[in-house]
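Novice: Chain by chain, the residues:
There are 4 protein chains.
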Amino acid sequence: MKKGELVLLISRENSYLTNVRNEKMHTQDGIFNLGELLNKNFGDEIKTHLNKKFTIAKPNITDILEKRVKRLPQVITPKDIGLIISYTGIGPGSLVVDAGTGSGFLAIFLANSIKPGRVVTYEKDKRFLKVAKENIRASGLSKFIKLKKKDITKGIDEKNVDVVTLDMKDAEKVVKHAYNALKPGGYLVVYSPYIEQVISVTKEVEKKNFFDIKTVENIVREWQVEKHTRPKTVGLMHTGFLTFARKVG
Amino acid sequence: MKKGELVLLISRENSYLTNVRNEKMHTQDGIFNLGELLNKNFGDEIKTHLNKKFTIAKPNITDILEKRVKRLPQVITPKDIGLIISYTGIGPGSLVVDAGTGSGFLAIFLANSIKPGRVVTYEKDKRFLKVAKENIRASGLSKFIKLKKKDITKGIDEKNVDVVTLDMKDAEKVVKHAYNALKPGGYLVVYSPYIEQVISVTKEVEKKNFFDIKTVENIVREWQVEKHTRPKTVGLMHTGFLTFARKVG
Amino acid sequence: MKKGELVLLISRENSYLTNVRNEKMHTQDGIFNLGELLNKNFGDEIKTHLNKKFTIAKPNITDILEKRVKRLPQVITPKDIGLIISYTGIGPGSLVVDAGTGSGFLAIFLANSIKPGRVVTYEKDKRFLKVAKENIRASGLSKFIKLKKKDITKGIDEKNVDVVTLDMKDAEKVVKHAYNALKPGGYLVVYSPYIEQVISVTKEVEKKNFFDIKTVENIVREWQVEKHTRPKTVGLMHTGFLTFARKVG
Amino acid sequence: MKKGELVLLISRENSYLTNVRNEKMHTQDGIFNLGELLNKNFGDEIKTHLNKKFTIAKPNITDILEKRVKRLPQVITPKDIGLIISYTGIGPGSLVVDAGTGSGFLAIFLANSIKPGRVVTYEKDKRFLKVAKENIRASGLSKFIKLKKKDITKGIDEKNVDVVTLDMKDAEKVVKHAYNALKPGGYLVVYSPYIEQVISVTKEVEKKNFFDIKTVENIVREWQVEKHTRPKTVGLMHTGFLTFARKVG
Chain A
1 MKKGELVLLI SRENSYLTNV RNEKMHTQDG IFNLGELLNK NFGDEIKTHL NKKFTIAKPN
61 ITDILEKRVK RLPQVITPKD IGLIISYTGI GPGSLVVDAG TGSGFLAIFL ANSIKPGRVV
121 TYEKDKRFLK VAKENIRASG LSKFIKLKKK DITKGIDEKN VDVVTLDMKD AEKVVKHAYN
181 ALKPGGYLVV YSPYIEQVIS VTKEVEKKNF FDIKTVENIV REWQVEKHTR PKTVGLMHTG
241 FLTFARKVG
Chain B
1001 MKKGELVLLI SRENSYLTNV RNEKMHTQDG IFNLGELLNK NFGDEIKTHL NKKFTIAKPN
1061 ITDILEKRVK RLPQVITPKD IGLIISYTGI GPGSLVVDAG TGSGFLAIFL ANSIKPGRVV
1121 TYEKDKRFLK VAKENIRASG LSKFIKLKKK DITKGIDEKN VDVVTLDMKD AEKVVKHAYN
1181 ALKPGGYLVV YSPYIEQVIS VTKEVEKKNF FDIKTVENIV REWQVEKHTR PKTVGLMHTG
1241 FLTFARKVG
Chain C
2001 MKKGELVLLI SRENSYLTNV RNEKMHTQDG IFNLGELLNK NFGDEIKTHL NKKFTIAKPN
2061 ITDILEKRVK RLPQVITPKD IGLIISYTGI GPGSLVVDAG TGSGFLAIFL ANSIKPGRVV
2121 TYEKDKRFLK VAKENIRASG LSKFIKLKKK DITKGIDEKN VDVVTLDMKD AEKVVKHAYN
2181 ALKPGGYLVV YSPYIEQVIS VTKEVEKKNF FDIKTVENIV REWQVEKHTR PKTVGLMHTG
2241 FLTFARKVG
Chain D
3001 MKKGELVLLI SRENSYLTNV RNEKMHTQDG IFNLGELLNK NFGDEIKTHL NKKFTIAKPN
3061 ITDILEKRVK RLPQVITPKD IGLIISYTGI GPGSLVVDAG TGSGFLAIFL ANSIKPGRVV
3121 TYEKDKRFLK VAKENIRASG LSKFIKLKKK DITKGIDEKN VDVVTLDMKD AEKVVKHAYN
3181 ALKPGGYLVV YSPYIEQVIS VTKEVEKKNF FDIKTVENIV REWQVEKHTR PKTVGLMHTG
3241 FLTFARKVG
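Chains A, B, C and D are the protein sequences, given in the same order. Under my numbering, the first sequence has 174 at position 174, and the numbering climbs by one with no breaks. Under my numbering, the second sequence has 1024 at position 24, and the numbering climbs by one with no breaks. Under my numbering, the third sequence has 2153 at position 153, and the numbering climbs by one with no breaks. Under my numbering, the fourth sequence has 3093 at position 93, and the numbering climbs by one with no breaks.
Here are the simulated lysine-lysine pairs, DSS-like style, with alpha carbons at most 27 Å apart:
(1) A/207 x B/1232
(2) A/58 x B/1143
(3) C/2227 x B/1203
(4) C/2214 x D/3067
(5) A/79 x B/1232
(6) D/3126 x D/3159
(7) D/3115 x D/3133
(8) D/3040 x D/3024
Just some of the chain C residues that point at chain D, by a computed CB distance under 8 Å:
(9) 2010
(10) 2045
(11) 2083
(12) 2085
(13) 2211
These stretches of chain C come out as covered by chain D in the derived footprint (C-beta under 8 Å, 3 or more residues):
(14) 2069-2081
(15) 2178-2191
It is worth saying that the hints were derived from the structure and are not from the lab. Fair warning: this is a prediction, and the values are worked out from it, not measured in the lab. Quick reminder that beta carbons are idealized off the backbone N, C-alpha and C, glycines included.
I would like the entire structure built from these sequences, with the hints used as guidance.
Specialist: Next comes the structure, spelled out in structure tokens:
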């Protein structure tokens, strides 16, 4: 294991994401001597000074997004990202244009799905740009993400794009630019927290040569499977609506 | 465009998936002379003998799964596949073990997400194997899918697996094999149409050193955005429960 | 048992609603000699000529609504009526104003809940009036329902009303009349199939002195509890939105 | 207005439930001189010493249940009570047997729906009996509720019952007693927080001569209709399952 390498230390109760380095790490499970990692491999164990055992694992994108990425309010959820991926069929090599970047959460998640493809993400707000820049660096996926300081309502530079994802106010103003940027068969996806945006986006979409236009919402319900089995009492009733449309040509 | 190449012909009302070849194709929109495609590029137009215009597009995995893959009853839905992808964070290069193959729908979808990684899919039923084999060939993703005629309750050959997906009866009998096959931090995902299987799988999972154990269901509701805006009246109320668990080590 | 009395004949597989009379009734379970009922009591049995046994029961409002009332399209569902009753707390003695009557389904259901109170129901469309009149007579609750041929957007005659229920286009034009008709603490309830009406009604409601304004939708999911236990696959994803508001004074 | 009478004082922002009496009532809106109420009528106004205006209204059952009744954990919700009322069609004059009483919430709600009928409610736990007794008195519906200190799994005394409602552990042990107590066409309704009870109750129900057996759950989603329109983010994902069955005879 090399210095600087990212590792996930896991037990049944807890997990920690950290870099391999010659330092101690204080946790609620005791102190890890991270220097020990230099002589270990993935799958080996490491103990805290309280003798608690942890397995050394390679973190995946969900670990990194959960533990390393600074989230801003109202970030898009994994359930909604899952629908975007499975409804559009993007995969390795796809080209995605995304706006607004916000914390970069969606751009990072999609970059993990389309590498060695590229996500180009537009953000005009300086405060978000700063957070996004740090998050993209922390994700280890910088090679596959291009962060642009630009107002996407003014136009999209890319052509022959597989998917355009919009999570922003005024998304309806981007529909025509998305249409131009997309390749035939490519998808526009708009994430709208409220129904008024769904309506205004759909109106714009219908002016252009799109097909398979549809809006969905998905509700994920977590179950409690313990002594008895029942859905959890309280949960997320709403995140946003997802509007999909495919460009004809 | 080369002979044999797969193309999607799209208009606002309809789309057709076909191979480039020196033949005519009869459709409800008229007759296509597919030979014309040899002198065209993606993005060009082609007309039927009724003078209806279609754009020539490169099909993606959703087109192929929708139009080329023979589905068997109770196939897992894209919304559920989306959750599997976004909750486990699999991406290009991942190694997935899948059972039972059924029509191969899930294996094909995941192969599109993890190429140049590999999906190894187990099926013991001859009738399904035949359908799956044809579907995998039709998908164009054969290079990334290994179809095994084997009863997975007898064991899993692979090691250091990122994700094991089970959509089969007796999934609870595979939990211990999945545990052995997974790498630390890897995910077991079980798709259960009924709650009894959720309970028996969770029981087995809790005997092993797994963490982040959870069961969810997701309901996707489609909206109608026309003159008025409302959810569609009738829809899919249930497909299956998804149980997730991560191996400690 | 008297001639003309309404009875429900029930077996485990089937049930029939009929009047006691000196006639034969042909059914898929055989022929009933309804004259036999004259010498029987509720709880007794009666057999068809095929020797199938049925119990003689007193029908309740759900039987009558299901088997005697002619439904028009998009009738409000029992689940939504349940919410109206439990959220407004109406009961025996309440005064309800309802519009549009449509088939009379809601007026009849509410009459059953508030008798010896009164439901006054407004309908301006002649075709609906005819159906509603017949349905109200068939329900046996005529004494508690007053059917008015009148356009409720022109005004409500009643005062000191407990609940006003609106299931009609242009419901927003009735808000001010409902406000005047309601007693302090009384409820306006609007059933809206689409979200645009929810928005326009809420706008009007907020102009008046209402409190506890809220809009809800409810989704009832039926389960299949047989060899295995699971929600039914397909079901009603949407009927309508219910907007509630209470008059201050 | 008479001494002791229950009144609801309402403004757009707040409402108070109180008895008419010669006292002052301190609230966050200022001090009410409740003695003033003696010279007023429903619909009149009363002001606090801060000059805030309130309308004097007659409280309904929802006000009383919300403001006067002491709730115990996991009380059945109005949405579920609404389904019980609308699916069983109970109304004025019905006879209901209920167990376990708990706080009496369900018994009180149903008493309001079936008066001058009767709710007989069984509770064996002394601590609950005390709370229920106080709540029933506070509800003003004592005349229509009979509270029995008895273990209902030992038997039901009543005959010819319209509806039996069970919200208790071991509900499956009451199915045979409910069957005997019900009149032909009468309903058994079981409220089960977890799925294991649904399964065990359904098993018992199928041993007896019941028809129209079904289990449902309902999810009520509240919407936010303000500057923008969207479902509220967080809400109740689950309360309980409702199992319905009708006695043949």
